[in-house]
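These protein sequence lines map, in sequence, to chains A and B. Take 1 as the starting number for the first sequence in the working numbering and just add one per residue. Take 1001 as the starting number for the second sequence in the working numbering and just add one per residue.
Keep in mind that the hints were calculated from the coordinates and are not lab data. Since the model is a prediction, treat every value here as computed from it, not as a measurement. Backbone N, C-alpha and C fix where the C-beta goes; we use that ideal spot for every residue, glycine too. Treat the hints loosely; a few may be bogus.
Here are the simulated lysine-lysine pairs, DSS-like style, with alpha carbons at most 30 Å apart [said to hold, decoys possible]:
| hint | chain 1 | residue 1 | chain 2 | residue 2 |
| --- | --- | --- | --- | --- |
| 1 | A | Lys151 | B | Lys1082 |
| 2 | B | Lys1244 | A | Lys126 |
| 3 | B | Lys1082 | A | Lys108 |
| 4 | B | Lys1161 | B | Lys1017 |
Chain A side only, calculated, beta carbon under 8 Å to chain B, not exhaustive [said to hold, decoys possible]:
| hint | residue |
| --- | --- |
| 5 | Ala51 |
| 6 | Ser70 |
| 7 | Tyr72 |
| 8 | Arg73 |
| 9 | Asp89 |
| 10 | Arg95 |
| 11 | Gly103 |
| 12 | Gln146 |
| 13 | Tyr192 |
Derived list of chain A stretches under chain B, where covered just means 3 residues or more per stretch with a C-beta under 8 Å from a C-beta of chain B [unchecked claim]:
| hint | region |
| --- | --- |
| 14 | 52-62 |
| 15 | 77-87 |
| 16 | 106-117 |
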Amino acid sequence: MTSAIEIEQVTKRYSQVQALAGVSFSIGAGEFFGLLGPNGAGKTTLISILAGLTHADSGRVCVMGHDVVSDYRAARHALGVVPQELVFDPFFTVRETLTIQSGYFGLKNNTAWIDEVMENLDLTSKADANMRALSGGMKRRVLVAQALVHKPPVIVLDEPTAGVDVELRQALWRFIQRLNRDGHTIVLTTHYLEEAEALCTRLAMLKQGRVVALDDTGNLLRAQAGCQIQLRLSAELPAALLPQLLQRQENGALRLSVVDFDHIEVVLATLRAAQVKVLEMEIVQPDLEDVFVQIMNRS
Amino acid sequence: MTGFYTLFYKEWLRFWKVRVQTVLAPVLTALLYLLVFGQALRGRTEVFPGVDYTTFLLPGLVMMAVLQNAFANASSSLMQSKMTGNIVFVLLPPLSHREFFLAYLLAAIARGVVVGLGVFAATYWFIDLPMAHPLWILGFGLAGSAVMGVLGIVAGIYSDKIDQLSAFTNFIILPLTFLSGVFYSIHALSPVWQLATHLNPVFYMIDGFRYGFFGVADTSPSLSLVIVVSCFFCLSWLTLWLLKIGYKLRP
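Whole structure, please, built from the sequences with the hints as guidance.
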């Protein structure tokens, strides 16, 4: 199976900052891939290099087997990018914007597909409205539509739900998942880890221009975080268990890390020996945020 | 082809949609110059023998409007796109640097030509302008607007802020277009200023353009055309190179 995206030893420096310090990984066709990392980790730089908006200092990037520099035409035909910022051209209506975008990709009579995309993104009623007149959510939908006019096999979304209301976020999630089911490879960058956890089957985490984690979402959740239990106790936590204390919740509950399920027995035994009664206990499944924080702190 | 044509069409629409600002306003400005200078100097000076000053002035003003607007179209369009961020929609598609260049250039020429025709149309009924050599008029009109279009692309790529573009316009383009013999004959200047004017490529555009109307020029029109076309090729080569390496557009 051809890789949708191949990134080999990519470096990029911006005067004082090493934005990417040798990033390598590949994304298989049809995957729903998440690219995570704190601000300044290099996610947007990597996407820019992928899209041809920036030149890497060294390394090689291919989209559907086409080098983004030497074979840029084919690479760009295969890629649709939804930028992070709500950029638009204030001179044109929604339909004009999409028609022009289609034209850039060599598509003269794309009306039928444009109509379909607008309908799927609930834009039909605004087809002849000027871009300036649209709400933020509408503009974001147009950005997604613009990335789809040429039916690219690979779609990159740079923080698509940043600052978006719940209803639109859900609608976008459903839409992007449908695109993935239809065979498009999706690459998503996001700060909303619940979103990455819900949508992405595989993740890469970047920190300071390096890949610090690269695995299936399920594996990351299982391998890294161990287990956690949330307890409400009748008395203070015994000193012996303090090293395992992760967090004191506002309602007085305590969150402890345990190595595995067997270890819970040890914790309970320690509490019993200290004559501390367990009022409430909950086994907490680690979420991606916990994994992310752990990995970032470790690196 | 479709990609290039779409970009050209988009750039055309960009200025045509706001033609009051992009076409009508420059036409009015040219008319104002014509009115003010024509009134002030009427009957007092005759640059070409037998040619009334206002009549002499008109082709120069037309050319000035053509040149300034060709420059403005490319430079302001690129500048605005960069500032608002929507340049990304032009950089993401598989357009080559040549297609990019040609589209912006042709749109700049189109704007220049439309404004030029507008000035002619506005003055047609009250100024009787001879047309000794129409082909030279066309040739210089296109060559001049092409040079300014390319310059506009360079300025648009280079400028990151409105300040920078204003500086380019006010300290380079305006002096070059004003001090090019539009309002006077070069022979009326001191030798030093004559030399300075001979170093100004815009002078040759104006001189050659005027030749097309009156059959009289300060310099041989063939030489003027060679100079203007050479400028175009040199600037185009530079601009294509800048676009190819992604200077400021693809850092």
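Any of the earlier hints contradicted here, and which numbers? 2, 6, 10, 13
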